[in-house]
Amino acid sequence: MTSRAALRRLPLNAAATVTVALCLFPVYWMVATAFKPSRDIQSENPQLLPRSWTLDHFRRAIDADGFGLFWRNSVLVTLGAVALALLVALGASFAVARMRWRGRRQFMLMVFVAQMAPWESLIIPVYIISRDTGMLDRLPTLTLVYFMMTLPFTIVVLRGFIATIPAELEESAQVDGCTRLGAFRHVAFPLLAPGLMATSLFGYITAWNEFAYANFLIIKEQDHRTLPVWLSSFHNTFGTDWGATMAASTLFALPALAVFLLLQRHVTSGFAAGAVKG
Amino acid sequence: MSVVRERTTPRALTRPPRRPPGPHRRPTMSGAWPYLLVAPAVLGMLYLLVYPLARAVLISFQDFGLRQLILGDAHFTGFDNYTTLLSDPRFWTVVRRTFLFMAVNVALIMVLSTLVALMVERLGRFGRTAVLSALVLTWAMPVVAATTVFQWLFHSEFGIVNHALTGLGFSSFDGYPWLAHGPAAFTILVALVVWQSVPFAAITLYSALTTVPAELYEAARIDGASGPRIFRSVTLPIVRPIFMLVLSLEVIWTFKAFVQIWVMTRGGPGDATTILPVYAVQTALAGQRYDLGAAASMVTVLLMSGVLVAYFRQMFRQENEL
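Those protein sequence lines, which keep their order, are chains A and B. Quick note: the first sequence uses my numbering, first residue 1, plus one each step. Quick note: the second sequence uses my numbering, first residue 1001, plus one each step.
By construction, these hints were calculated from the structure, which means they are not laboratory data. Idealized CB from N, CA, C, for every residue including glycine. It is possible that part of the hints are untrue.
[Unchecked claim] Restraint-style ranges between C-beta atoms, simulated for each label pair:
hint	chain 1	residue 1	chain 2	residue 2	range
1	A	G134	B	G1287	19 to 27 Å
2	B	T1077	A	H186	22 to 30 Å
3	A	L7	B	R1221	47 to 55 Å
[What the hints assert, rightly or not] Over the 10 Å line for every Cβ pair with chain A, so calculated as not near, a few chain B residues:
hint	residue
4	R1090
5	L1115
6	R1125
7	E1157
8	G1182
9	A1184
10	E1215
11	E1218
12	F1255
[To be verified] Which stretches of chain B does chain A cover? Using the computed rule of at least three CB atoms under 8 Å from a CB of chain A, they are:
hint	segment
13	1038–1052
14	1055–1066
15	1073–1081
16	1230–1244
17	1281–1291
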């Protein structure tokens, strides 16, 4: 009986195995190549499991020209954009979730439209505007663009989080003599911390990964490049050194993978729906 | 503690009702506050989204090349750029290729992710966790890193894909240079985009599937409905709104493949992987024809906006809040 049931489930489990393999193989191969000695990478018979391990490639990736600098640039731009987006979104979502005012619906509509902004088609005007205003080759320009990319999502999610906190909590604080904003700061804000965490991490991933604007707005000032652009030009840095290239990819992907795994529960349950909604 | 002492005066200032308070139960603190709070967001959207869009429209009606970029003496030429663009056979090839790229990607993504979602729903606890974790990990892979990895997977000499294909008996793949052949490069990009997009679609569809009440399935089974019939009459109607949302999102996100294409092939070999956003940026930044590039971008936005409108209608029907 049970064996027959197991047999019937065989195609299903086989399909699941194939899915997991297809999903994980490229990621696995990146990490495996990064740890393999060069002679195993350039062999006629590549081995699925590395026979010996080495950290040489990671050493070469880290020692490569400008790696530390680009890492720092990426972190600066990302943190700046996320902090700015959080600050602005906190005010806006508080106004939307807690206050009644004319133009509220229109504002939210604008946010939803902004979320679907065709960034790929705005590269040319943003390039020209930055050039006219002397903002080309400068990191603050990228910070501003990433801020705008993450802002709508941040507002939508934070609005949701604020709406789940009972307004009565703040009201009682106000009865006790708090101002409206004081009540928000001391009562609702601490409850909002998990929401702020989740939202900022998603914004952080967007900004960390962004390539197109970093590529076209930072042209002459090579010292202001960010990690994705650096990685995309690995041929210039590493030539045909695939071990170092994969080590660099691993180092670049690691923070994003870590964040996603930490957030996995959110991602697979409610957050997927939240991401669709906006 | 300090909370209590904190400014009690402003309360007195904002509290006195300027007009009859109306039916609001809660203090609404109307007046300038909400507008001050949303002002930074609105200003940001105006300067960083609306203004660039308006500027792109403007440039697409101007004569705007390298000279005008430096001297700033662009003048209007009416629809000249659009006429030039629309009479260029290369542009139409790119449009056709964009639609082909979109159709192949979206069809593969939707079919595969629906299958994966249905599969995950039927799996046991262990299998479900395993598949979902794998999907999340794939989803988390940064675009540029994934693109680099795919270049390595399909490397002509040492790539594992060529090795595997040769091992399976397709000896013509021995040292096959994927990125040197148009259709092959196109295929790799489709594979990459599909690999990166299926996780989001599958997870979202799966979470939609879990909202179908189990009693409905039971009732249908008692009524003697077959598996496909249950899917068509019970599952599909409930999942359809989310399905349409994901579908339109994937259509819109096709244009995001700009990054993968630019990193991997820059639209090459020849023109084989050039889709609209790539064409626009090539024309503007490589050919110094910002006017034509802006016009191509505006055509892209126009094409997208049809899908966007469908997406928003679906979303607001779903939400009916806002």
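Review point. Per the stated criterion, does the least C-beta distance between B/E1157 and chain A lie above 10 Å, as a non-interface residue requires?
Key: Violated, because the least Cβ-Cβ distance between B/E1157 and chain A comes to about 8 Å, which does not exceed 10 Å.
Exercise for review: Beyond 10 Å from every chain A Cβ: check whether that's true for B/G1182.
Suggested key: holds, 21 Å
Point to revise | Verdict on B/A1184 as a residue remote from chain A, using beta-carbon distances over 10 Å | key: holds, 18 Å
**Study point:** Distance rule for B/R1125, whose beta carbon must clear each one in chain A by more than 10 Å
**Key:** Consistent with the label, B/R1125 stays out of reach of chain A, its closest Cβ about 12 Å off (over 10 Å).
**Study point:** Consistency of the no-contact label for B/E1218, given chain A and a CB cut of 10 Å
**Key:** holds, 20 Å
Check your understanding: Is the Cβ of B/E1215 more than 10 Å away from each Cβ in chain A?
Key -> Holds: least Cβ distance 22 Å, greater than 10 Å.
Practice item. State whether the coverage of the segment 1230–1244 of chain B by chain A holds or is violated, taking the criterion as 3 or more residues with Cβ-Cβ distances under 8 Å. Key: Per the Cβ count (1), the hint is violated.
Check your understanding: So the hint says 47 to 55 Å: do the beta-carbon atoms of A/L7 and B/R1221 match that?
Key -> At 22 Å between Cβs, range violated.
Practice item. Test coverage of the segment 1073–1081 of chain B by chain A using CB-CB distances below 8 Å; three residues minimum. Key: violated (count 0)
Exercise for review: Compute the least Cβ-Cβ separation between B/F1255 and chain A, then decide whether it is above 10 Å.
Suggested key: violated, 5 Å
Exercise for review: Taking the shortest Cβ-to-Cβ distance between B/R1090 and chain A, state whether it exceeds 10 Å.
Suggested key: Non-interface label on B/R1090 holds, nearest chain A Cβ at 18 Å vs cutoff 10 Å.
Practice item. Would you assess whether B/L1115, listed as outside the interface, keeps its beta-carbon beyond 10 Å of every beta-carbon in chain A? Key: Its Cβ does come within 10 Å of chain A, the nearest being 8 Å, so this is violated.
Checked against the numbered hints given earlier, this structure breaks hints 2, 3, 5, 7, 12, 15 and 16; the rest are met.
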